[in-house]
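Protein chains in written order, with the numbering used here: chain P, 1 to 216; chain X, 217 to 437.
Accuracy of the hints is not assured; some may be wrong.
As the list claims (entries may be wrong) - Straight line, CA to CA, 27 Å or less: simulated DSS-like cross-link-like pairs of lysine-lysine: (1) X:398 <-> X:262; (2) X:398 <-> X:412; (3) P:50 <-> X:398; (4) P:198 <-> P:181; (5) P:128 <-> X:412; (6) X:398 <-> X:429; (7) P:181 <-> X:398; (8) X:262 <-> P:198; (9) X:412 <-> X:429.
Keep in mind that the hints were calculated from the coordinates and are not lab data. Model, not experiment: these values are computed from the prediction.
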Amino acid sequence: MSMRSQVYEWSNLQANNNQLRRTTSDLPVAIVASREYDIFTGGLGNNITKPAETTATQFIVIEDVAASPLLGGAVQIRINTTDYFQNPDVTDMAGIPGLASPYPRGCNSTVDTTLITAAAIGSQNTLKSFDLYPDVYVLPGQTFQILYSARTATTATSTEIVSCFLKYTLYDGPDALIANKLLELGVTINPNNVDWYKRSLIEQQQRSRAVAGGQQ
Amino acid sequence: MEMKNMSMRSQVYEWDASRGTAMTVATSVGNRTSIFIGGVGNNITKPAETTATEFVVIEDIAMTPSLGTLSTIPSGVTVRGLLTGTTNDAAPADNGIAGPRGYVQVRINTTDYFLDPDNIPNDGIPGAASPYPRSINFQPSFNLYPDVYVLPGQVWDALVTFYSLAFAGATAAAGELMCFVKYTLYDGPDALIANKLLEMGISINPGNVDWYKRSLLQAQA
């Protein structure tokens, strides 16, 4: 399997700090305002064992990032040390707002923390205004981070649960080579174009064989 | 009834933890449960596998969604059709999650398909990202593309894990924990073509199988 669809979901739910796996004891933990939390190795919520990176034979295409629209949540992609989303004046920004790319899709953007009833959760359905296209490429040997931040801190007495979602395709082995070739050609890297490249190689071979057969 | 003339067939499987032997929530929480042979919910007679002349392409997988609310919301409150739950501790605490906080992983033979970026298998696709059933409140963020291939002779499974006790009773009730799989079964000559496409490194879908057939016909002409 040389092209694989992968997902990663993070939430501010944990039983302990620096927790690797989800557990049945997880409870919501507070988020500080305007602090960037690395969803992979930030130490809060569910984490992984090491920073996300590609090997020499891997190519990652990030196709979607989304975050809870609560509390002015936003999500930024960092490749090595460079933030992907920038202000028009090339200064830093928080990234894609959760209101533009909500997770889960159809969720509420507000909660009434003083009135703890089902109706207080919010009746509206937030849908996406943003589509990550063109996709974001993580080239072989690069490290990437997904940084979640909230403009407003979670409430001290009633912690809101926030989440972040990442969808990417991992190209490995020969397909990573083709992805590099497509990058060189300036063609968008997606499963369809990788297929197209393979098909065009095969058709080229078939034509060469037919010509060689005709000359004999 | 045997279907002899259909060599590409769209198939679905729906699992509900309440059907058949209803799932006991306390024993299943935090554990992986097979939707085919897990012993709870509706099951099939043997593990899902392909014969030597079959090829399966899994195109979609989804499960009951969840929604994060507030740490102070009590358990047992219905939020958008989902019950809020508690942890599974010795002293359970309200965890503020509506729905089962469920995930579904695809396993081929003994290999898990979905991995974290550090190459360690994870719980799989969150129900919040690929909800079943879909509704205005719960819409998909995830599309299983490229598809997952089950080659001839392989065994496959879909494994559900949930972490929240968001159930009305001790056993699962209808619709509280569900999973859905959509796949295409290629049989006979079309399974051979699927193998050929795999060998060529081309995505296996009805369009590409047709393309291969057309290219064979053109080569003959």
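Going down the list of hints, with the structure as the test:
1. X:398 <-> X:262: holds, 19 Å
2. X:398 <-> X:412: holds, 23 Å
3. P:50 <-> X:398: violated, 34 Å
4. P:198 <-> P:181: With a Cα-Cα distance of about 11 Å, the restraint between residue 198 of chain P and residue 181 of chain P holds, given a limit of 27 Å.
5. P:128 <-> X:412: Violated, at about 39 Å.
6. X:398 <-> X:429: This hinted pair holds, its Cα atoms lying about 24 Å apart.
7. P:181 <-> X:398: Status violated; Cα separation ~33 Å.
8. X:262 <-> P:198: Violated, because 37 Å separates the two Cα atoms, which is more than 27 Å.
9. X:412 <-> X:429: holds, 11 Å
Violation of the numbered hints given earlier is confined to hints 3, 5, 7, 8; the remaining hints are satisfied by the structure.
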